[in-house]
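Here is what each chain is made of, one letter per residue.
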Amino acid sequence: MLKDIITAKKVCFADGVQTVLRGHENRSRQVVLLKGNLVRNDSSESRGISARVTKNGRYGFASAASYTEADAEAVVRAATENALFLDARAQGAGRSYPALANGSVKPRREIRDAQQKRIIDTCHEIDAYVEKTYPDLVSRTVVYTEDSQDKIIVTSDAACGHVTYPRCYIYVMLTAMGKNGAPVELFKAFGGAGSFEDHFADTAYMYPEIDSLYTRVRDKVEGVYAEAGVKTVILGGMMGGMLAHEAVGHTVEADLVIGGSVAGPNLNKRVASELVTLTDYASTAFGREAPLPVYLDDEGTLAQDVTLIKDGILTGYMNSRETAQLFGMTPAGNARAWTFSDEPIIRMRNTAIHPGKDKLEDMIASIDDGYYLIESSNGQADLTGEFMFGVSLGYEIKHGRLGKALLDTTVSGIAFEMLKTVDMVSDNVTWSSSGFCGKKQPMPVGMAGPEMRCRISIGGR
Amino acid sequence: MADIKNIVSQLKSLLTASGVEKYAVSVAETEKRELNTEGTNFNLYRTTFGKRVSVTAFIGGKKGSSSGNDFTPEGLEKVVKTAAQGANSSPEDPANDIAAYQEPAVFKTGTYEPDMDAFYLRLKELTDTVSAKHPKIKIMALIASHDKGHSLYANSNGTEFEDYSGIYSAVLEFAGNDGEKTTGLAYDGVIMGDLAKPVYTLGNIAKTLADTENSLNPISVGGKFEGDIILTPAALGEFGMMLVGNYISAGVIMDGTSLWKDKLGQKVASDSLTVRAQAQDSRIVACQKHTGDGYAAENVTLIEKGVLKSFMLNLYAANKTGLSVTKNDGGAFVIDEGDTPVADMIASVKRGLIVGGFSGGQPGANGEFSGVAKNSFYVEDGKIKGAVMETMISGNLEAVFANVKAISKEQVLDGNSALPYLQTGGITISGN
Numbered sequence: 000m001l002k003d004i005i006t007a008k009k010v011c012f013a014d015g016v017q018t019v020l021r022g023h024e025n026r027s028r029q030v031v032l033l034k035g036n037l038v039r040n041d042s043s044e045s046r047g048i049s050a051r052v053t054k055n056g057r058y059g060f061a062s063a064a065s066y067t068e069a070d071a072e073a074v075v076r077a078a079t080e081n082a083l084f085l086d087a088r089a090q091g092a093g094r095s096y097p098a099l100a101n102g103s104v105k106p107r108r109e110i111r112d113a114q115q116k117r118i119i120d121t122c123h124e125i126d127a128y129v130e131k132t133y134p135d136l137v138s139r140t141v142v143y144t145e146d147s148q149d150k151i152i153v154t155s156d157a158a159c160g161h162v163t164y165p166r167c168y169i170y171v172m173l174t175a176m177g178k179n180g181a182p183v184e185l186f187k188a189f190g191g192a193g194s195f196e197d198h199f200a201d202t203a204y205m206y207p208e209i210d211s212l213y214t215r216v217r218d219k220v221e222g223v224y225a226e227a228g229v230k231t232v233i234l235g236g237m238m239g240g241m242l243a244h245e246a247v248g249h250t251v252e253a254d255l256v257i258g259g260s261v262a263g264p265n266l267n268k269r270v271a272s273e274l275v276t277l278t279d280y281a282s283t284a285f286g287r288e289a290p291l292p293v294y295l296d297d298e299g300t301l302a303q304d305v306t307l308i309k310d311g312i313l314t315g316y317m318n319s320r321e322t323a324q325l326f327g328m329t330p331a332g333n334a335r336a337w338t339f340s341d342e343p344i345i346r347m348r349n350t351a352i353h354p355g356k357d358k359l360e361d362m363i364a365s366i367d368d369g370y371y372l373i374e375s376s377n378g379q380a381d382l383t384g385e386f387m388f389g390v391s392l393g394y395e396i397k398h399g400r401l402g403k404a405l406l407d408t409t410v411s412g413i414a415f416e417m418l419k420t421v422d423m424v425s426d427n428v429t430w431s432s433s434g435f436c437g438k439k440q441p442m443p444v445g446m447a448g449p450e451m452r453c454r455i456s457i458g459g460r
Numbered sequence: 000m001a002d003i004k005n006i007v008s009q010l011k012s013l014l015t016a017s018g019v020e021k022y023a024v025s026v027a028e029t030e031k032r033e034l035n036t037e038g039t040n041f042n043l044y045r046t047t048f049g050k051r052v053s054v055t056a057f058i059g060g061k062k063g064s065s066s067g068n069d070f071t072p073e074g075l076e077k078v079v080k081t082a083a084q085g086a087n088s089s090p091e092d093p094a095n096d097i098a099a100y101q102e103p104a105v106f107k108t109g110t111y112e113p114d115m116d117a118f119y120l121r122l123k124e125l126t127d128t129v130s131a132k133h134p135k136i137k138i139m140a141l142i143a144s145h146d147k148g149h150s151l152y153a154n155s156n157g158t159e160f161e162d163y164s165g166i167y168s169a170v171l172e173f174a175g176n177d178g179e180k181t182t183g184l185a186y187d188g189v190i191m192g193d194l195a196k197p198v199y200t201l202g203n204i205a206k207t208l209a210d211t212e213n214s215l216n217p218i219s220v221g222g223k224f225e226g227d228i229i230l231t232p233a234a235l236g237e238f239g240m241m242l243v244g245n246y247i248s249a250g251v252i253m254d255g256t257s258l259w260k261d262k263l264g265q266k267v268a269s270d271s272l273t274v275r276a277q278a279q280d281s282r283i284v285a286c287q288k289h290t291g292d293g294y295a296a297e298n299v300t301l302i303e304k305g306v307l308k309s310f311m312l313n314l315y316a317a318n319k320t321g322l323s324v325t326k327n328d329g330g331a332f333v334i335d336e337g338d339t340p341v342a343d344m345i346a347s348v349k350r351g352l353i354v355g356g357f358s359g360g361q362p363g364a365n366g367e368f369s370g371v372a373k374n375s376f377y378v379e380d381g382k383i384k385g386a387v388m389e390t391m392i393s394g395n396l397e398a399v400f401a402n403v404k405a406i407s408k409e410q411v412l413d414g415n416s417a418l419p420y421l422q423t424g425g426i427t428i429s430g431n
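Residue numbers (numbering that gives the first Met the number 0), protein chains in the order written: chain A, 0 to 460; chain B, 0 to 431.
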């Protein structure tokens, strides 16, 4: 855990500017077993200190790759000079943003290191189970990945605090030979916020899930291509989460709204069916701790939830202090940075579509010819809300029953049009939190959704 | 700047004292000076000083790696200790190794010390030019930096590679915008060794801006048909990376899932296709200098006139498979130009798309892909009919490169790669 050597450096903050000083440590570990071979065995740490200084809305930022009192003073000085460099060249009068509530946040989780041997042995145990139980697989991969952030944030005119965000995962990927001689594969991630022993002290719970993953891989071996066109589908919870994050979430990040996203002209308008409500949660969601809780952002804003869509109406954006002032909204703790050398930018936290009242089995029974799309491999969207998600696991629905598995395919659409077609929403929410969002910097994010029945374009033959 | 030779020397002593027989170390110092705009207003000036120390330790065929950014004696000791612990925790694997001794070399790239006033003026010139020439382009952000680095790689076989680099880069993020009408997000960028030319004139920036401006009134393709696609250099770069990932990279050769694993020396693509990974190429600013294994990087031809000449295997993968190591880790890709003008390619299309980008996942091992055609235009009877949206393309990655109909004589150089336009057939195109 970082020792606080920077709070005392508030005395170095210049007058007439707004300053945030941040001590920041990242740690990561990665172990990769490919068919039992240890192909990666890495650990990494980086620690440093940064300052962001704002003069009339123009930002100066500086960082140093070490963590001493002298570095703290130096980066404050350099960031102040950078802000003055830009302010001197800027046209028009900029403006400072309002001061925020004071407060002090304390770390909620300890970052605990596991022995590298313990990690490797655990991966080998899982790999050995897969090799012994499923000898027909052509390949298998077990990956352990861990990343943690430890930050101390000191501000001139907002909240301060010390926050810690450890998370770790084990991915199991199974590859079987397809009917046409081409391999098919699926993976599952285990883990979440916390350290190794929080999730993998006992791995017994993983094996039934691995068995289920194998069954789905075998289904996929017998899989068929989806028929290209616009279809009635049920998007699984993982797909719903991807939709919440990629297709809607990014368009309602205020910096992208300024850039011309489709959310700009649609504020307070209907963008989805009344069954759809979407929230970017800070630390608690649906009565439980959110998968990747955030308590304080890197501008010193105490984190709160943001309701983005309420009963189908677009109600808000995610903001930094600067954009909140521009849009007359309240900043809610979305400005975050990945490493000490990164400036905070607007990021999602735990973005979820709320559950409804329908049962999945009723939803499947309601479809005569369509698809149930369960797992997404990746997703992208742009300013128009046009999105694309890779579908790595799905099934046909024929006459109200699940049919054959699908080979990898893709769905696409325009978010605010597609969401208006949602007419059934399940009472179950599925979270995922193992990935990174990429937007200039990587950032861990959580996303979730219920099963939703809708109309969507699907790629295929 | 720190004395990185002295730090490497300290690391060597610590490794020897820890009983590490074989090792590779890398020490680097970096300075980034970044200017960002929001719209056309410069609103962030960022200066970051970075340090990196990486150690890979081999103990009796066991391997562990560790890295950090603490150059103090305690920090160096910790990195060495963690790498050695990692090695001791690993199973023995005789495939773990480093390259044999290579001649020492000092590499220099670009302009080591930045001229930030001149850079600011070049960037201001870019935003002013875009505003003047493309009134329906809304710049979201310009992210531009000078990245200075000094690094030293050394290993226990006596190899030492020292690298000095100073590279300017600029990435423009923008969209077409006309009142409430907006296009999808577009971006383009270049990397530069110096500031001799206006940024607007480099790479494909001007063309991408014009294409985006012409995309404000998209048309619907409607229905589903099989047709041609012309991949722009940007889209070809994306498909080229998918090709390497699916058929040529170390992971898919090692685990046996590449459909080309037994096709070295055989025809795998169209006769017109030649793909190279470059280590020295005057057209590319940031060529790789040495591989992670400690080889001096070499120019490698991956596919020559449709014949598979090389996989991309690091030393571990080569030792595991018994195949040859590839003395290039990739990054600076070249696809040789053809002899067809782009205008002739477009004129030859009966029905199809010019694809400016692909929004889809990495294809499965069988090469089947589907995704959204981004920044794309519909072509019918040799004429561009208009920009499209909500249009998907699907096909097979192997077939894309086997069914090449033409490769353009024009080639785009953006500092990272040299890529032409490529026309292929047999693609399923479906509109909403």
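Check the hints yourself; a few may be wrong.
To give an idea of the interface, some chain B residues facing chain A are shown, with a C-beta separation under 7 Å as derived from the structure [as the list claims (entries may be wrong)]:
no.	residue
1	Ser66
2	Gly85
3	Asn365
4	Ser369
5	Asn402
No lab work stands behind these hints, which were simulated from the structure alone. Glycine residues also receive a C-beta, built at the ideal position from the N, C-alpha and C atoms.
*Violated hints - listed by number, lowest first*: 5
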